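Model the full structure from these sequences, guided by the hints.
There are 2 protein chains.
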Amino acid sequence: MENRVSRPNVLLITCDQWRGDCLSAAGHPVVKTPHVDALAAEGVLFQRHYGGAAPCSPARACLYTGLYQMNNRVCRNGSPLDARHGNIALSARAVGYDPTLFGYTDVAPGPRRLAAGDPRLRSYEGVLPGFSVRQLLPEHQKQWLSWLRTQGIDTSTGIPGIHRPAGKQGKVGDDVSNAPPVYSKDQTPAAFLAGEFIRWLGEQEQAAPWFGHISFISPHPPFIVPQPHNTMYDPADGPAFRRAANWQAEAQSHPYLAYDLGLQKRTKFVPGAEGKVRDWSEENFRRIRVLYYGMISELDAQLGRIWEALKAAGSWDDTVVVLTSDHAEMMGDHFMLGKGGFFDASYHIPLIVRDPRRTEAAGASIDRFTEAVDVFPTLLDLIGAAPEPHLDGRSLASWLDGEEPADWRDAAHWEFDFRSVADGEAERHFGIGSRDCNLAVLRTEAFKYVHFGGGLPPLLFDLSKDPDELSNVAHDPAYLPVRVELAEKMLTWRANHLDQSLALAELTKDGVVGHVSKTAGSRE
Amino acid sequence: MENRVSRPNVLLITCDQWRGDCLSAAGHPVVKTPHVDALAAEGVLFQRHYGGAAPCSPARACLYTGLYQMNNRVCRNGSPLDARHGNIALSARAVGYDPTLFGYTDVAPGPRRLAAGDPRLRSYEGVLPGFSVRQLLPEHQKQWLSWLRTQGIDTSTGIPGIHRPAGKQGKVGDDVSNAPPVYSKDQTPAAFLAGEFIRWLGEQEQAAPWFGHISFISPHPPFIVPQPHNTMYDPADGPAFRRAANWQAEAQSHPYLAYDLGLQKRTKFVPGAEGKVRDWSEENFRRIRVLYYGMISELDAQLGRIWEALKAAGSWDDTVVVLTSDHAEMMGDHFMLGKGGFFDASYHIPLIVRDPRRTEAAGASIDRFTEAVDVFPTLLDLIGAAPEPHLDGRSLASWLDGEEPADWRDAAHWEFDFRSVADGEAERHFGIGSRDCNLAVLRTEAFKYVHFGGGLPPLLFDLSKDPDELSNVAHDPAYLPVRVELAEKMLTWRANHLDQSLALAELTKDGVVGHVSKTAGSRE
Numbered sequence: 001m002e003n004r005v006s007r008p009n010v011l012l013i014t015c016d017q018w019r020g021d022c023l024s025a026a027g028h029p030v031v032k033t034p035h036v037d038a039l040a041a042e043g044v045l046f047q048r049h050y051g052g053a054a055p056c057s058p059a060r061a062c063l064y065t066g067l068y069q070m071n072n073r074v075c076r077n078g079s080p081l082d083a084r085h086g087n088i089a090l091s092a093r094a095v096g097y098d099p100t101l102f103g104y105t106d107v108a109p110g111p112r113r114l115a116a117g118d119p120r121l122r123s124y125e126g127v128l129p130g131f132s133v134r135q136l137l138p139e140h141q142k143q144w145l146s147w148l149r150t151q152g153i154d155t156s157t158g159i160p161g162i163h164r165p166a167g168k169q170g171k172v173g174d175d176v177s178n179a180p181p182v183y184s185k186d187q188t189p190a191a192f193l194a195g196e197f198i199r200w201l202g203e204q205e206q207a208a209p210w211f212g213h214i215s216f217i218s219p220h221p222p223f224i225v226p227q228p229h230n231t232m233y234d235p236a237d238g239p240a241f242r243r244a245a246n247w248q249a250e251a252q253s254h255p256y257l258a259y260d261l262g263l264q265k266r267t268k269f270v271p272g273a274e275g276k277v278r279d280w281s282e283e284n285f286r287r288i289r290v291l292y293y294g295m296i297s298e299l300d301a302q303l304g305r306i307w308e309a310l311k312a313a314g315s316w317d318d319t320v321v322v323l324t325s326d327h328a329e330m331m332g333d334h335f336m337l338g339k340g341g342f343f344d345a346s347y348h349i350p351l352i353v354r355d356p357r358r359t360e361a362a363g364a365s366i367d368r369f370t371e372a373v374d375v376f377p378t379l380l381d382l383i384g385a386a387p388e389p390h391l392d393g394r395s396l397a398s399w400l401d402g403e404e405p406a407d408w409r410d411a412a413h414w415e416f417d418f419r420s421v422a423d424g425e426a427e428r429h430f431g432i433g434s435r436d437c438n439l440a441v442l443r444t445e446a447f448k449y450v451h452f453g454g455g456l457p458p459l460l461f462d463l464s465k466d467p468d469e470l471s472n473v474a475h476d477p478a479y480l481p482v483r484v485e486l487a488e489k490m491l492t493w494r495a496n497h498l499d500q501s502l503a504l505a506e507l508t509k510d511g512v513v514g515h516v517s518k519t520a521g522s523r524e
Numbered sequence: 001m002e003n004r005v006s007r008p009n010v011l012l013i014t015c016d017q018w019r020g021d022c023l024s025a026a027g028h029p030v031v032k033t034p035h036v037d038a039l040a041a042e043g044v045l046f047q048r049h050y051g052g053a054a055p056c057s058p059a060r061a062c063l064y065t066g067l068y069q070m071n072n073r074v075c076r077n078g079s080p081l082d083a084r085h086g087n088i089a090l091s092a093r094a095v096g097y098d099p100t101l102f103g104y105t106d107v108a109p110g111p112r113r114l115a116a117g118d119p120r121l122r123s124y125e126g127v128l129p130g131f132s133v134r135q136l137l138p139e140h141q142k143q144w145l146s147w148l149r150t151q152g153i154d155t156s157t158g159i160p161g162i163h164r165p166a167g168k169q170g171k172v173g174d175d176v177s178n179a180p181p182v183y184s185k186d187q188t189p190a191a192f193l194a195g196e197f198i199r200w201l202g203e204q205e206q207a208a209p210w211f212g213h214i215s216f217i218s219p220h221p222p223f224i225v226p227q228p229h230n231t232m233y234d235p236a237d238g239p240a241f242r243r244a245a246n247w248q249a250e251a252q253s254h255p256y257l258a259y260d261l262g263l264q265k266r267t268k269f270v271p272g273a274e275g276k277v278r279d280w281s282e283e284n285f286r287r288i289r290v291l292y293y294g295m296i297s298e299l300d301a302q303l304g305r306i307w308e309a310l311k312a313a314g315s316w317d318d319t320v321v322v323l324t325s326d327h328a329e330m331m332g333d334h335f336m337l338g339k340g341g342f343f344d345a346s347y348h349i350p351l352i353v354r355d356p357r358r359t360e361a362a363g364a365s366i367d368r369f370t371e372a373v374d375v376f377p378t379l380l381d382l383i384g385a386a387p388e389p390h391l392d393g394r395s396l397a398s399w400l401d402g403e404e405p406a407d408w409r410d411a412a413h414w415e416f417d418f419r420s421v422a423d424g425e426a427e428r429h430f431g432i433g434s435r436d437c438n439l440a441v442l443r444t445e446a447f448k449y450v451h452f453g454g455g456l457p458p459l460l461f462d463l464s465k466d467p468d469e470l471s472n473v474a475h476d477p478a479y480l481p482v483r484v485e486l487a488e489k490m491l492t493w494r495a496n497h498l499d500q501s502l503a504l505a506e507l508t509k510d511g512v513v514g515h516v517s518k519t520a521g522s523r524e
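Those sequence lines, one after another, are chains A and B. For what it's worth, the numbering used here labels the leading residue of the first sequence as 1, then goes sequentially. For what it's worth, the numbering used here labels the leading residue of the second sequence as 1, then goes sequentially.
You may find that some hints are simply not true.
A pair holds if it fits inside one copy or across any two, identical chains being indistinguishable in the list.
[As the list claims (entries may be wrong)] Restricting the straight-line Cα-Cα distance to at most 30 Å, the calculated cross-link-like pairs of lysine-lysine (DSS-like) are:
1. Lys142 x Lys276
2. Lys489 x Lys465
3. Lys171 x Lys509
4. Lys265 x Lys509
Since the hints were derived computationally from the structure, they do not count as laboratory data. Small disclaimer: the values here were computed from a predicted structure and weren't measured.
Here's what the structure looks like:
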């Protein structure tokens with residue numbers, strides 16, 4: 001690293017819907033992820049890492065701003081992120097990087113400073129302020145489709161048709177197929193983005209540290225994967241689904257579950273399929289699951305390709321790599337697919353942090369609770385910029401040196417807002433206002449407590465007896481002391497994380513004392 | 001009102017430290033407030049009205065922004081108010097008023113857009129953005145002192161010396177004196193501000209509706225009042241103090257009370273007095289209380305003078321009058337003076353709203369819970385501007401028509417933040433961080449629940465059995481169901497009042513749907 005600015009390269013990789021248990025490094029009995037495992041062997045695997053919210057935009061807002069949803073206020077895909085908040089790209093830029101995006105960030109811009117006709121106001125898939133865009137890849141995937149066409153692939157089926165088994169554009173039967181799509185394993189959206197990143201990598205100067213952010217959509221519906229990953233796993237293998245005897249029992253356990261189970265349509269996960277997810281047989285959930293596992297292995301192969309390219313470019317030993325996911329995937333647990341709600345299955349995600357300069361704890365697995373909001377302060381710490389004290393997350397850098405930070409949290413927290421401002425669906429269903437369509441989760445080693453807005457009943461799970469979260473004991477008098485303890489612990493969490501961006505400052509006769517957040521807004 | 005813009009005049013009067021029970025209109029057995037009562041007879045008295053925070057700056061932030069402390073984040077005197085928030089003056093200005101200030105607003109400006117050397121950054125006594133200042137009167141009271149000098153008063157004792165009994169600048173004995181100061185009842189700070197307002201009133205054109213805000217510091221320490229108000233009340237009269245057998249019992253009941261009782265010095269309330277407030281005898285608390293009552297009557301007389309001037313100017317029937325206070329005053333309850341903490345005595349304040357166009361409910365007393373955050377949306381409603389939906393407060397205008405708004409709240413809420421950013425006193429005392437130095441109160445008809453940050457224990461008072469808030473039943477197993485109910489009710493309140501300024505908007509393919517708050521920041 002001679003003649004080099006003394007900063008590492010940074011490679012921040014996000015996947016969209018990857019469960020935290022679906023890594024072989026995390027002990028999964030079936031899924032094989034050799035390249036993720038190789039990264040974990042050189043870095044630290046945070047085994048109890050949780051997303052801060054769902055779906056993508058709220059999850060990314062937590063990741064990029066280091067602020068909980070209660071502060072960043074990105075409630076849904078399409079909720080604007082207030083320009084007043086700092087973020088990972090602006091901070092990287094402030095110390096000299098040109099943070100460069102491959103994929104998407106799903107950040108809807110604040111509307112106040114844009115003209116009403118600005119097309120950025122017609123999409124939730126905006127780019128986080130601070131990023132240079134090298135290769136955008138939003139939901140319409142047009143950039144990938146045109147690349148496929150240059151390789152002679154017929155893309156006339158469009159999106160999502162191209163994500164159906166080759167030649168099967170008609171009606172889809174009840175049974176999930178593992179037939180491959182028209183594109184090959186070297187032509188997936190992940191392969192496209194990996195290739196574009198590798199090409200860009202080849203353009204970088206050795207003397208100038210770079211900051212790349214690859215945002216893979218995989219693993220994510222539609223669930224389909226090319227050979228050989230489509231047949232890599234056997235539906236008979238894998239852990240039992242975490243669920244009640246039938247979906248009706250789940251629906252009866254809480255009004256939110258009844259609502260969510262009623263919403264989930266198969267076609268979102270398998271284009272063309274009719275009916276509701278909950279009505280699929282166990283066999284079909286297992287068939288979908290092997291496709292999901294296959295998509296993970298397909299992505300793992302692309303990660304391997306990226307590791308190889310970094311090594312070939314001589315950059316591997318100068319590059320901090322952070323690998324994580326937006327949120328997880330129910331993948332059949334509780335008869336659901338996708339994300340949202342309160343179950344661990346939707347929020348427990350992978351996090352590996354690997355810094356070639358901090359190898360003390362290489363290969364370690366951390367089982368303390370870490371959260372998406374920790375990633376921003378961690379990256380700041382690793383690039384030598386002090387995290388601002390108003391952030392909700394904390395740096396994980398000490399773990400890389402084999403040290404546990406003082407007073408570490410003893411619970412994970414996440415929030416889920418199910419308001420539907422534009423169509424009002426949730427509001428109508430529950431007969432409550434948008435402000436009330438929300439839940440918050442406090443998950444300790446032993447218990448999970450879920451508080452709902454709008455008068456919906458709370459949930460309490462005794463995880464030592466009920467690890468699958470099936471039996472709500474909130475209304476069991478024996479659990480009243482636990483319920484009050486956790487409700488008050490959640491109040492403490494709320495109070496501690498009220499917006500601190502100016503509240504840690506005080507005007508005195510000697511001027512401003514304390515911390516004034518350097519928000520984006522303040523620089524405009 | 002012919003040839004007149006069809007808006008009323010607005011007169012917003014704040015007093016600083018006026019208890020909600022200290023009006024004869026509210027049934028106080030001793031205090032006489034004929035002019036307040038006259039206003040109440042033409043308007044509506046909100047008998048269960050509560051300040052949102054204490055001391056002045058946090059209280060005013062709730063009043064002026066319509067946002068709870070959890071959103072406006074003015075935690076202490078000197079906490080900057082983020083320029084992103086709208087407020088009562090900017091909104092009045094937006095519809096054509098020139099809102100004009102007499103007194104002070106105690107709003108510390110956001111530091112991001114000011115040069116580091118700007119003197120506004122050296123005081124917590126800034127002016128709320130949007131106000132024109134006609135007569136500032138901050139804590140140093142220099143503007144009043146120079147006015148006194150023009151009347152031949154010797155002001156060489158300065159502040160606070162001039163608020164001591166005439167000729168008594170030396171040591172003060174243990175007993176509180178009711179001897180008058182050098183200035184007369186016609187020369188008080190309130191008389192000065194009332195006179196300046198009346199002079200300004202005479203300059204107004206009939207055709208142009210005006211918006212005046214008089215901010216009286218009285219009743220507020222130092223406790224002293226000229227003749228005849230200093231002898232108007234008998235220390236033997238008045239209700240029993242609400243307190244335990246002795247201050248030690250209060251201190252033992254909660255660590256916050258022990259801390260607060262230990263901090264209170266007599267000299268802040270009676271300049272020159274030595275020792276701590278808590279050690280004063282009941283007799284001396286009673287002597288102070290008659291001074292406080294006298295200050296209220298002194299202020300009431302000035303209000304009468306203002307009513308008369310409005311009538312003489314022909315404006316009375318065109319003028320909306322809102323009379324309220326920042327917060328209340330312990331006035332001997334629990335062996336304390338001043339404000340802060342969690343007791344009703346510190347937050348129960350007067351609110352009278354009188355609109356000459358809405359007389360349906362004239363003279364009514366409302367006993368539902370109303371809050372400081374309701375004043376801004378109420379005033380917007382009365383001047384014909386729709387309150388924005390992201391505000392925490394709700395308009396009270398319906399009550400003026402004799403109608404109860406739908407789904408009215410069944411509890412009052414307030415917050416108190418005791419962080420000390422600059423000197424770190426509270427943080428050191430409790431061994432907790434600034435983020436944790438806070439409490440929140442939920443007060444229903446039957447119970448009061450207080451949640452503390454930083455691991456300090458909660459409080460629960462059964463108000464039907466214990467109206468004086470002396471017996472904490474939070475740890476009584478019989479009250480566990482109530483405690484969990486109220487803790488969860490507070491969680492619901494927190495969740496409902498997360499910042500909604502952009503969260504009620506959604507970017508869709510048709511553009512922005514929903515509500516985007518028109519904050520001050522957006523106009524800059």
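| field | Structure versus earlier hints - violations, ascending order | value | Those not satisfied: there are none.
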